[in-house]
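Colleague: Here's the letter readout for the chains.
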Amino acid sequence: DQNGGTGEPVAGGDFVSALYLEPLALDPHRQGYWETYRVSRNLFEGLTKEDTSGETDPTEILPSLATEWSVDDSGTVWDFTLRDDATFHDGTPFDAEALDKNVRRISDESYEFYDEKSAANLAVWFGGLISGEVVDDTHYRFTFDKPFLGFPRILAQSMATLNIGNPAVWEEYGNDGFAEHPDGTGPYTFVSRTTGDRIVLEKNEDYWGDEPNLDSLTFRIIPNNQTRLAALLSGEVDQISYVQPDDVDTLEEQGFQVPEGTGASLLYLSFNFRNPDIKDERVRQALIHGLDREKLTAEVYNGYAQPQYSFQPPGNEAYDPEARDFEYDPEKAEELLAEAGYTADKPLSFTIVIDVANQNAAEWLQAQYKEIGVETEIVSLDRTSYIARAYSDAEPTDGLTFDEYGGSYAEWLYQGYNGLTAKGLDTADFPEISAALDAALTTDDESQRIPLWQAAEKLVRENAVVIPIANLTRYYALSPDVEGFVWPATNWYDLTSVWIDG
Amino acid sequence: MTDLLSPPATAADRAESAPPALRIADLAVEFGEGDHATRVVDGVTLELHAGRTFALVGESGSGKSITASTVLGLLPRDAHVVSGSITVGGEEIAGASEARLRRYRGSHVGMIFQNPLASLDPSFRIGSQLREIIAHHRPDTRRPQQDDIALTWLENVGITDAERVLKSYPHELSGGMRQRVMIALASLSQPAVLIADEPTTALDAVIQKQILDLLQTVVKESGGALLIITHDFGVVSYVADDIAVMKDGRIVETGERRVVLQNPQHDYTRTLIAAVPGIGARFPLEAAGLPVRLGAAVEAGTDAVSPRTAVEPADAPPTLLRLDGVSREFHVGGIGTGVTRRVFRAVDDVSFDVARGEVFGLIGASGSGKSTLARVIGGLLPATGGRVEFDGVDLTAASANRVRALRPRFQFIFQDASSSLNPRIPVGEQIARPVRRFGKATGASEARATVARVLDLVGLPADYARRYPHELSGGQRQRIGIARALALEPELLILDEPTSALDVSTQATIINLLLDLREQLDLTYLFIGHNLSIIEFVCDRIGVLDAGRLVDLFPARELFSDERDQVTRTLLDAILPVE
Amino acid sequence: MVLQTAKGEALTIVRGPRARRRRSSRRIHGQLALAVALLVLIVGATLLAPWIAPHDPLAADGALKYLPVGSPDHLLGTDEQGRDILSRLLYGGQTSLLIAIAAVAASTVLGSVLALIAGFSNDNIAGVIMRTIDILFAFPVIIAAVALAAILGPGTTVVIAAIVFSATPYVARIVFAEVKLQRGKDYVEAALSLGAGFWSVLFREVLPNVAAPIFIYASGLVGIMIVFSSSLSALGIGVQPPTPDWGRMISEGAKVIISGNIVPALLPGLVVLLVALAFNWLGDGLRDVLDPHRRRIRS
Amino acid sequence: MGTLKHVLLRLVNLVPVLLIVSVLTFAIGHLTQGDPIEAQYARTHTPEQIEAIRVAYGLDLPLWEQYLRWLRSLFVEGGGLSIVQNQPVFAILWPNFLNTLILTAAGVVVCAVFGILIGTLAGTGHGRLIDRASMFIVQVGSNLSVYWFGLVLIWIFALQLQWLPVSGMYSRRGGGFGDLLLHLILPSISAALISMLVLARFTRIGIIQERQSDHFRTFRSQGIGPIRLYGRHVGRNILPPVVNIIGLEIGTLITGVVFVESVFNWPGIGTQVLNAVNGKDYPLIQGGVVLVALCYLVVNLATDVTVDVLNPRLKRT
Ligand SMILES: Nc1ncnc2c1ncn2[C@@H]1O[C@H](COP(=O)(O)OP(=O)(O)OP(=O)(O)O)[C@@H](O)[C@H]1O
Ligand SMILES: Nc1ncnc2c1ncn2[C@@H]1O[C@H](COP(=O)(O)OP(=O)(O)OP(=O)(O)O)[C@@H](O)[C@H]1O
Ligand SMILES: [Mg+2]
Ligand SMILES: [Mg+2]
Ligand code: NI
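Residue numbers (this note's numbering), protein chains in the order written: chain A, 7 to 508; chain B, 799 to 1377; chain C, 77 to 375; chain D, 11 to 327.
If you are wondering where the hints come from, they were derived from the structure by calculation, not from laboratory data. From the three backbone atoms N, C-alpha and C, an ideal C-beta is built for every residue, glycine too. Please note: incorrect hints may appear among the correct ones.
[What the hints assert, rightly or not] Computed footprint of chain C on chain D, listed as stretches where at least three residues anywhere in the stretch have a Cβ under 8 Å from a Cβ of chain C: (1) 145-156; (2) 256-263; (3) 267-281; (4) 292-301.
[To be verified] Each pair of labels, with its calculated beta carbon distance range: (5) P26(D) x P1221(B): 32 to 42 Å; (6) R82(D) x A1203(B): 24 to 34 Å; (7) E1127(B) x R246(D): 28 to 38 Å; (8) L68(A) x Q170(D): 54 to 64 Å; (9) H1268(B) x L304(D): 40 to 50 Å; (10) E1127(B) x Q222(D): 27 to 37 Å; (11) L350(C) x Q172(D): 24 to 34 Å.
[As the list claims (entries may be wrong)] From the derived model, a few chain C residues whose C-beta atoms are all more than 12 Å from chain D: (12) A121; (13) L123; (14) D137; (15) L140; (16) K141; (17) L151; (18) G153; (19) M206; (20) A214; (21) F215; (22) T233; (23) L257; (24) G329.
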């Protein structure tokens, strides 16, 4: 039992969680980042949700504001049955009409409160929405232009998806004003927010689902890793996210809980395809062969990470733990490099671009690549400059950048692969990958969906277009008296089942 | 304390009966330490008795000021007492703790410092500073009383608009006014011993007399004694009962004034006395066809040149400097000063010519605008009206570069020598810089030679070139200022009280030097001074300023003529005769 | 009646203050010597790093993390990547000292010159200079640093530029205040009357009078700026890895302080402190050398 | 010119200075690479989708038009909408700004009290042990990394001794002035550390110089005791430089308090601006810089005027 909890849940208590990032606007259609969702999912809900009990991996999709759903044979028309007992925090009932306003906000330009920003944000998944119709009070139908079997799981995600907000609010305060008065159907209601400091929520007494234990949730924003740690150690907060591998031992020694688990996330190295050297597949393969990921996780992450070999992260419905790309084989790597024309006199050389948080890993990598005769230089940047350089202004000498992302939905592969185009990857160079992704994305055969995604992932792997490296296995830490916390195989957690003991 | 009513006793009696008001015995003071130590006061012993005035005279730099500051334990940081005893009213205070010394300071021994300009706190109004001292010595007084006392004392020192002065900050007062405030400040507690270090150098004759009377009254009333350090033998004759002559840190001769002055024993004393200019001293020399030179220098025989009359050209010499309606106004007061803003005319429509080769004297009461006028002429202060023409060039209209090019031809010697020297640069370098700047010396060694030569001219050893200004005595600094101007061999030299800080023998040397140079190089001087004997001695013509206006202008010979203005006559009446 | 010198009379020998002063003067010279010795030692050691460093400063060994000070093979222990701290300190000095000295020198010169000019110019020029300085000042340091990093590309130059950017207005304002005090002084007027031009007055007459505070201030900046560079490192604007650098060592070491590993940040901190102290003493010493009041007349 | 006129002139001068600051900030933000949309969406969206979002945010307009829009928004729309937070910039920044002012005020108090105290101890005991000891502390202190120092303070006082809180402004069930004060102790000491020591140095030097002055000697020669000598004469004469340094330090505190805010998680404007920088949230950065710059300039102006008023000698021409 990773929570160490034995007693019965206790109602009441104020829970303080320390986030490492400032959440974005508390607007269900404009959100981004997991830290945002870890807050906002207590306010807003989707039609579906993932099972956060930790029982299932990959997580099962469960009913939320919808009680059941079905798709027609073409895979393009989705029918949802909505629950009839949910209300927004201001007391207005949730019904198909309200859902429709949510849909129109992001897709119908004729709607008075059509929101360009939300629409753009959701375009990834809702770009292909042809129509949303109210069937009756509790039934709603989505029609897409292509088969979209992953829809229910997408609906349970954090960003670029349709969580449900109270239309009355944006009708009163406008689209930009919504975030100041966030209102949804979730187990907690919004109390206050001070940017840079905290967000306070309190229990929704009229919640349709199981009553949460905790009276209030406070999310404090503590970006400084050391301060966040100190805040937990001193008891100022009950939970922190993004525990540094170096701090795990300290925490455990002092009796804090650092549950083990795997979120649906992944650290990976992206190639810069604008670098002519990198375009050579043998070079990319060599760089994967030359990397000992066991050693990396042991040394850089103190063993509090799992080596990764697949571009689909653990927790993803299409994750295959057996998948392997190119095993650690320095000789093979050197051979490949020699084949590609690099010698000791004229070694392969490039720049590793990182943001300041990944310096240790980069230095480790530099030493590792030196062993196969690759000369690297490190460019460490502040976050802004890093993003700019990594995604749009890469120098032709840049070779690798560090990234972190992932999701529990199979479609993540499509997103992740698209993300690589920002690094100069030309999808036309890998037609079979594009074809495989397309096939998986638009299949109308439910039984083929996961195998198709796995096949696409295999192609990504075989073409050596990216280097997955690790998945952090210690991400949250909790004070000893927090009970009932579960780290499911996803990037967030549920607080309704948590209680504070004593 | 001495009993005022007791009949005057003989010196010997007193020595036995009452303890002396102040007694310094075998005092030795050094600067620096170890091998580098220089002893500036060496075995000085002197005794002050109640009701008497003691004059300490001597060479500039001989250690007079240092001796005086030792009394209250106020030596500069890098100086220290090597040995000696100091008793006040019979009590030993040498080596006493600060706390103990504090009980003597001000109340038993008052001190008027040599450089009065910086001696007042620049951040407080005069009234506030005086009140603080009054309250300190008389804790029983309330503010209105303190104001009364302050006013009385300012009037005592001859300040007429005392009300205004009380409300002024120090920088708003003329040098002479500040000096008088300082005197009032030190005197108002009526200490038993009052030490006055050259208290009247910046003052005109009228005020000088008034001050001296005042100082004597103060010590008379408190039954104390006055120690006055001075270069002016007129002052000595006027006030001193006893006298000591210092040279090189030692007292070379001491005794009752009359005895010492009339029958000097020591060579140096004799040289000193010979160098004292008396009023009208010039005319017998001229009559006798002797070169017009002061005292000892004459005996030493400057191999100077023919008698002065010989140089005087027959026809009128060309005009070098012409002033035409020159005025200078200052804005005073305004927001934040507490005084209403108004325009103050320090120099008011002054016109005169100075011929090439002439010595033009400028006199007037303290604060009459002499320095301001000099600064306008020297191009340091723009005139607010009128024209200043130098050798035909209108300085008020000429471009900055033009004026700069003319700089070496007219030079300025500042009234306050100390502050006109850069504290961070060795004095030799300060002399050498302009010399090199204007190509008067080409190489470094030539410049060094020039420096050595001008230092020698003003009577300072060549190795003083390496000293910094603070390492020199007041008179020595003054001489550096003169040397610096002379090194440029200017045609016109503006001298703002150049010798008031000097002892008479050094003064004589400088005056004679100036006279020699004038003859050799055909220099022209604008000479500002308070000492009328000196002015009469060196000047060809004299102008008198009063409240910024030129009220009188006459040849030096006619100084005592009946036609003199009332202002001039008041000044003349106040001259202190030398015995 | 005045007595002639009467030797042997109740003489009070005054000794106290003198003895103290002598000691303090010797202390000053000792301090200056110590400063120079320390700097020679530190600079020498960093320059000789390739020969005297016991390990490769980059050689990481995951098995040897956080070895304590005094470990047999790693005298000063190892850092969070198992690298030898002593070797990193030795190599790190090369960059850190270069950055700090170059940046401080540049900002001191720039700031002082601006302040001197502003102090002796007419109100308009002075206004423009001082308002420009205000602008630099008013700009939050990090924004400036990030912008500089974006413009110049990462690396040592950015650190130097950022330091110059943040220190120059500071120096300028402090020197300006000093210069303003000198403006009304008679010696300036005297120099003008002796034909000195604008620049000559500024640099040859006024500068020596403000040099002491400038020296003190600049010497104090050296340590502060190495430390400041560590803050920049924490933001990712700094010396590029793997180059060891004291600032980066401090900022990386700071990542483990709360978990109780104080040494990796403490050691570079101490070295910086030592350097800073040496520069402080040097500055004070120079001040004393410059101060004519402390000079002894050579006779 | 008179003082009053001078103040007015300086106030008028603020306008161009602020305008330049705003142009600079704007230029720096927009001319350097990267933008907020990329920062947020690059890993999940295709370039076309990202471009669409940029258009939605008006980031495709010509620069000058964006600038003018923003300038206008400063006056009518509370600084425009933060791209990341989607709220009016000043609505976000104002509470943070007040928090920074609280921290700055506390820092200034610490700086002034301890700076002057240490400087006075050292200056009056010039050349003695107390002088050397204080100056040693000053030298050590001013060369500590604020970042490092702050964490060590936390480690000692919050974790080991558990006397003081680690972070933020209020405790869990916070509130109350006493709670705020407790939270202020460590951050204000860290924030004031260097300023305090700079002030100590200047105070010391000022005292030493004043002690050598002729007017000090004058009042000493009148038997005035050390309390009055230092309290009144020395104190008044070193006041202008001390005020000057304090003003300067207030300025640096406001513009440079970000590291302290980060360590103690003080919800101030520095962290906010840093966050904005990391997310390249231009409107927020610009709003923050303008606010901070305005504040700095006002403090600066106030300092200059105070120093001028304190100087009886000052007559402007
Ligand atoms: N700070 C110092 N360092 C070294 N020597 C000094 C210092 N101050 C004064 N002196 C020297 O001490 C000697 C005595 O100086 P003091 O001021 O007592 O002279 P003085 O007799 O008052 O001369 P004057 O009549 O010119 O004022 C001088 O030779 C001077 O050069
Ligand atoms: N900068 C100034 N601002 C205002 N008033 C001034 C200024 N400089 C001089 N004065 C005033 O001008 C008058 C003349 O001063 P000046 O220094 O020329 O007198 P002086 O004749 O040289 O006197 P002394 O013999 O005392 O040196 C004085 O009343 C003085 O207060
Ligand atoms: Mg003297
Ligand atoms: Mg005068
Ligand atoms: Ni004005």
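Colleague: All the hints need checking, so say for each whether the structure fits it.
Modeller: Evaluated hints:
1. Judged by the Cβ-Cβ criterion of 8 Å, the segment 145-156 of chain D is covered by chain C as claimed, because 7 of its residues qualify and three suffice.
2. With 3 residues bearing a CB less than 8 Å from a CB of chain C, the segment 256-263 of chain D meets the requirement of three and the coverage assertion stands.
3. Against chain C, the segment 267-281 of chain D contributes 3 residues with a C-beta closer than 8 Å to a partner C-beta. That satisfies the three-residue criterion, and the hint holds.
4. Residues of the segment 292-301 of chain D with a Cβ under 8 Å from some Cβ of chain C number 3, which satisfies the need for three, so the listed coverage holds.
5. For the hinted restraint 32 to 42 Å between P26(D) and P1221(B), the CB-CB distance of approximately 39 Å keeps it satisfied.
6. Look at R82(D) against A1203(B): about 57 Å separates their beta carbons, and that is not inside 24 to 34 Å.
7. Taken as a hint, the range 28 to 38 Å holds for the pair E1127(B) and R246(D), whose Cβ atoms sit roughly 31 Å apart.
8. In this structure, L68(A) and Q170(D) break the distance hint of 54 to 64 Å, their C-beta atoms being roughly 46 Å apart.
9. At roughly 46 Å, the beta carbons of H1268(B) and L304(D) sit within the given window of 40 to 50 Å.
10. Hint check: E1127(B) to Q222(D), Cβ distance near 36 Å, so the stated range 27 to 37 Å holds.
11. The given range of 24 to 34 Å is respected by L350(C) and Q172(D), whose C-beta atoms sit roughly 33 Å from each other.
12. No Cβ of chain D comes within 12 Å of the Cβ of A121(C); the nearest lies about 19 Å off, and the non-interface call holds.
13. Every Cβ of chain D is farther than 12 Å from the Cβ of L123(C); the closest lies at roughly 22 Å, confirming the non-interface assignment.
14. The beta carbon of D137(C) is kept farther than 12 Å from every beta carbon of chain D, the shortest such distance being approximately 25 Å.
15. Listed as a non-interface residue, L140(C) keeps its Cβ farther than 12 Å from every Cβ of chain D; the least gap is roughly 24 Å.
16. Even its closest Cβ contact with chain D, about 19 Å, leaves K141(C) beyond 12 Å, as expected for a residue assigned away from the interface.
17. With a cut of 12 Å on Cβ distances, L151(C) stays outside the contact zone with chain D, its closest approach being about 22 Å.
18. Interface exclusion of G153(C) from chain D stands, the closest Cβ pair being 17 Å apart, more than 12 Å.
19. The claim that M206(C) lies off the interface is violated: its Cβ sits roughly 9 Å from the closest Cβ of chain D, which falls inside the 12 Å cut-off.
20. Separation of A214(C) from chain D is inadequate, the least Cβ-Cβ distance of about 4 Å not exceeding the 12 Å criterion.
21. Listed as outside the interface, F215(C) is inconsistent with that label: its C-beta sits roughly 7 Å from the nearest C-beta of chain D, within the 12 Å cut-off.
22. Even its closest Cβ contact with chain D, about 16 Å, leaves T233(C) beyond 12 Å, as expected for a residue assigned away from the interface.
23. With a least beta-carbon separation of about 9 Å from chain D, L257(C) fails to lie farther than 12 Å from that chain, contradicting its non-interface assignment.
24. For G329(C), the shortest C-beta to C-beta distance to chain D comes to about 8 Å, within the 12 Å cut-off, and the non-interface label is violated.
In this structure, the earlier hints numbered 6, 8, 19, 20, 21, 23, 24 are contradicted, and the remaining ones agree with it.
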